[in-house]
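Trainee: Line by line, the protein sequences give chains A and B. Residues 1 to 81 in our numbering are what the first sequence spells out, letter by letter. Residues 1 to 180 in our numbering are what the second sequence spells out, letter by letter.
Since the hints were made in silico from the structure, they are not lab data. All values reported here derive from a predicted model rather than from experimental measurement. One should not assume that every hint holds.
[Stated by the list, open to error] Residues from chain B that keep clear of chain A, each with C-beta distances beyond 10 Å, as calculated: (1) 9; (2) 53; (3) 107.
[As the list claims (entries may be wrong)] What the simulated footprint calls covered on chain A by chain B, stretch by stretch (three residues with Cβ under 8 Å from a Cβ of chain B suffice, anywhere in the stretch; the number is not a length): (4) 22 to 28; (5) 38 to 51; (6) 61 to 68.
All residues carry an ideal CB built from backbone N, CA and C; glycine is no exception.
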Amino acid sequence: MSDLVRVRVDGREFNVGRAYAAAHQLTVLDESAYTRDGQTRPVSREGGRPVKPKVSVAEAAERKAAKSAEQSDTNPPSEEN
Amino acid sequence: MPISMPPTTHSLGNKMIVILTTPPAAASGIPTVTEVNAGIKAGCHIYGQFNVTPTQNTGEGPRKACSRNVPTQLGLVTYPAAEVQYSYMPQELGTPGSAGNELYEALDPDAVVTVVVLDGIDGQTSAVVAGDVADIYEMKAGVRRKGQTGEGEFDELSVTQALIVVGGEPIAEDHVLAAA
């Protein structure tokens, strides 16, 4: 039978077995390891926010510059007959 | 003069299986060398083989009017559940952290773990190093089936469990582990 608990390690929350959490003295949270539809809850950051890839400011600026470069904001030249 | 044979790698005891209960910090799910070394050396608990082997459908494709041959096409790929059989200490389960029950405690039914398989490395190697090549899977544990390795005088108590590949495919194959 499943006996999962929700633990917090280094600012991240995830599920482990109760015995494993006890053996490693992990911080057990008073939260269910399952979502309301019965699925196991995925890894999340502290407070339940989803884990997202870290993007540095430089990377974000680079991505924005690349996007604006491919999207020309000037009107196409008028076609003269 | 005969040609020289290509180099090969022995298989016996030459597989390292590490199970991480803590999800890797990287959003990609790929662990670093430090994270792998903090994991459970599952290869010393598991009996027999541990292979995550995909299967792929093949079938007959459409035949052109001018052809008398039916082409064979490649189809869907499936990663079947991997059955693992491992040792445990039933009378020590009341004391979490007892030696011999590390894998039993890590593979609680429904627990999601990261499995790192390093083929061609001695299974009793204490630590991996940067540059080692690994296959990485995120796997979910099924129910525990308690039993034994056999009926004979040399057999041991064991647990058998199905591990399914989360997402239906490996996180990474032939990944070169990085130090950080």
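Trainee: Work down the list of hints and note, for each, if the structure agrees.
Mentor: Here is how each hint holds up against the structure:
No Cβ of chain A approaches the Cβ of residue 9 of chain B within 10 Å, the least distance being about 33 Å, so the stated non-interface status holds. With a cut of 10 Å on Cβ distances, residue 53 of chain B stays outside the contact zone with chain A, its closest approach being about 25 Å. Distance check for residue 107 of chain B against chain A: the nearest CB is about 8 Å away, which does not clear 10 Å, and the non-interface claim fails. With a threshold of 8 Å between beta carbons, the proposed coverage of the stretch 22 to 28 of chain A by chain B holds, since 3 of its residues qualify and at least three are required.
Judged by the Cβ-Cβ criterion of 8 Å, the stretch 38 to 51 of chain A is covered by chain B as claimed, because 3 of its residues qualify and three suffice. With 0 residues bearing a CB less than 8 Å from a CB of chain B, the stretch 61 to 68 of chain A misses the requirement of three and the coverage assertion fails.
The structure fails hints 3, 6 (numbered hints given earlier, in ascending order).
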